[in-house]
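From first to last, the protein sequence lines stand for chains A and B.
Counting in the numbering used here, the first sequence runs from 94 upward without gaps.
Counting in the numbering used here, the second sequence runs from 2 upward without gaps.
Hints listed in this document are in silico derivations from the structure and should not be mistaken for laboratory results.
Even glycine gets a Cβ: it sits at the ideal position worked out from N, Cα and C.
Take these hints with a grain of salt, some might be off.
Just a few of them, taken from the derived set where beta-carbon distance is under 7 angstroms, the chain B residues facing chain A [stated by the list, open to error]:
1) Ala64
2) Arg66
3) Phe67
4) Glu68
5) Gly152
6) Ala153
7) Gly236
8) Asn237
9) Arg297
In case you want the letters, here they are:
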Amino acid sequence: MKSSWKTSLLVLPLTLIVTACGGTNEAGPSDSAATTEIRIDGSSTVAPLSAAAGELFRVDNPNVNVSVGTSGTGGGFEKFCAGETDISNASRQIKEEEAAICADAGIEYVEIAVANDALTVVVNKENTWATCLTVAELSKIWSPASEGSVTNWNQVRSSFPDVALDLYGAGTDSGTFDYFTKEINGEEGASRTDYNPTEDDNVTVQGVTGSKGGLGYFGFSYYEENMDVLNAVQIDGGAGCVAPSSESAQSGAYAPLSRPLFIYVSKTAAARSEVKAFIDFYVTNDDAITAKALFVPLSTEQKSAAAAAAATL
Amino acid sequence: MSDFSLTSSSPRNGEKIVKGVLFASAGFSVVITVGILWSLIAPAISFFSEVSIADFLTGTRWAPRFEPASFGVLPLIAGTAWTTFIALSVAVPVGLGVAIFLAEYASKKMRKIAKPVLELLAGIPTVVYGFFAIEIFTRVFLKEWMNLEIGAFSVLSAGVVMGIMIVPTIASLSEDALSSVPLALRQGSFALGANKMQTTLRVVMPAAISGIAAAVVLGISRAVGETMIVSLAAGNRPNISLNPLEGAQTMTGFIANAALGDSRVGSLEYNTLFAVGLILFIGTLIINFFSIRLVRKYRKAY
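All chains, full assembly: derive it from the sequences and hints.
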């Protein structure tokens, strides 16, 4: 034991030195001439889409690195308005106060819709009772007033069995959280807090698959990737039960939980040829990109609007 | 004394350099410690100018990132205490058992095999332990074999696996302590007619108690500070509950989670991280303080 401690004491600073050196080399000017980087951050929902766009783009542009972070829509805008990123993924439109910060920093941007999403409510495979939930029932599960009091499925609907509710959902930095709370609880950010909040949708997948009474929500693409281990709940927004799907999201029938997804492009960044090329690629190949990332493609009208927005860059 | 001068006749430049380097290293670690402490305290002070210390320490609702925000840190302290307690109830008996076996009962050959294996356990990265907790311990052991009604994240799973992680620490340090008890004590005990078990438990263990206590305290510190296992396996729902099958968030789990998201530097949310960090720091300091006193009180020098 003693000898292994000594070894680790010796190894640790060495590792630090090596990593530190690695860092400086990468940032060196000699490299930036060869490869360029497009920095994207923001919504974890939109991230798989922009990552897919990046991968497809790199087929013909191997010298461009596209890095996609998942700080959440709000977190992404903070970096975007600080000039740290070129493109910000967003699962909602930019808020006024965020736009004001961007304006103060002199960051001008263009908003482009890139796909549709259907916020999907998922339950455990063993959950045979909750096939369809009304918005009121979802609100009963998630409203701030339910904190600590609504803890069992039989409180949601009396015909439901006596199984403890185990809730997973988006973290507060996420656009998904803002959107879900607004549509379900009527006020952005209004949510009970005694659930597992996470920016990482995989944690929600893990939690709900591991718990019989589990319930969580995230973007449709994560559900499509995990269809074999999770069940999606149909949503009754007042006009009958509707399952989340590409068609119901595009047509808006999956109400109120379907929404468009956006990217925000900094005009300064778009002056760089690789960023401009990437955006043009993103907009013109929307069908291929959404198909690769398992998103709902834009409708024809949405596509022409996106092309028009990209043309202003 | 004055007849002899210990200073050399010729200047020893090499020695001066070595002295300087050693002084710099000592100074470096002090400066770093003070720097860490300061970087904890400064944001924590601005946190406590907005949130009262009483609310922070006695509140039972932890929701700093929600509207309306609430800053009762007790759920996090409860999470840390619970996981630490479970970890130690695994690690102390098992670790001590291993130590006694290795020090008193194992053959030389057995020791040669068992010790490296045990130290291998200490070399496993905690993220691997965390993954093991979710995928194997919870899913296979607790659910399929024990048939427990348990979610994906639980204090039990995180605590037990953390206990397994701490076993080598406690075992190795306790074994050192037991082995350093002089043979004469054992011989005396045998001579008085005690058997091996009596000798081990009533003579060797009490003689080694300061080392064993130090091992346990180091185990506690590791459990309190452990981050990866708890943030992976205990979930991230702040929770005060005595049910070990429920998930909970610990102080370290909160810091890891909140630091990943985006808190604007200087915002209340950001300062929250440091306030929790400070509590963690003070907690560990108190543990260390008492452990040093404990060790001094029971220390026997041979």
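Quick rundown of the hints versus the structure:
1. Interface restraint check for B:Ala64: the shortest CB-CB distance to chain A comes to about 4 angstroms, inside 7 angstroms, so the restraint holds.
2. Contact between B:Arg66 and chain A, as hinted, is supported at the beta carbon level, the nearest pair being about 4 angstroms apart and thus within 7 angstroms.
3. Using the Cβ-Cβ criterion of 7 angstroms, the hint placing B:Phe67 at the interface with chain A is satisfied: the shortest such distance is roughly 5 angstroms.
4. For B:Glu68, the interface hint holds, since its Cβ comes within 7 angstroms of a Cβ in chain A; the closest pair sits about 5 angstroms apart.
5. Hint on B:Gly152 holds. Least Cβ distance to chain A is approximately 4 angstroms, under the 7 angstroms limit.
6. Given hint, B:Ala153 at the interface with chain A, holds; its Cβ is 3 angstroms from that chain's nearest Cβ, closer than 7 angstroms.
7. Annotation: interface hint on B:Gly236 holds; nearest CB of chain A at approximately 5 angstroms, less than 7 angstroms.
8. Annotation: B:Asn237 was flagged as interfacial toward chain A, and the flag holds, the nearest CB pair being 5 angstroms apart, inside 7 angstroms.
9. Annotation: B:Arg297 was flagged as interfacial toward chain A, and the flag is violated, the nearest CB pair being 22 angstroms apart, outside 7 angstroms.
Of the hints listed earlier, the one the structure fails to meet is number 9.
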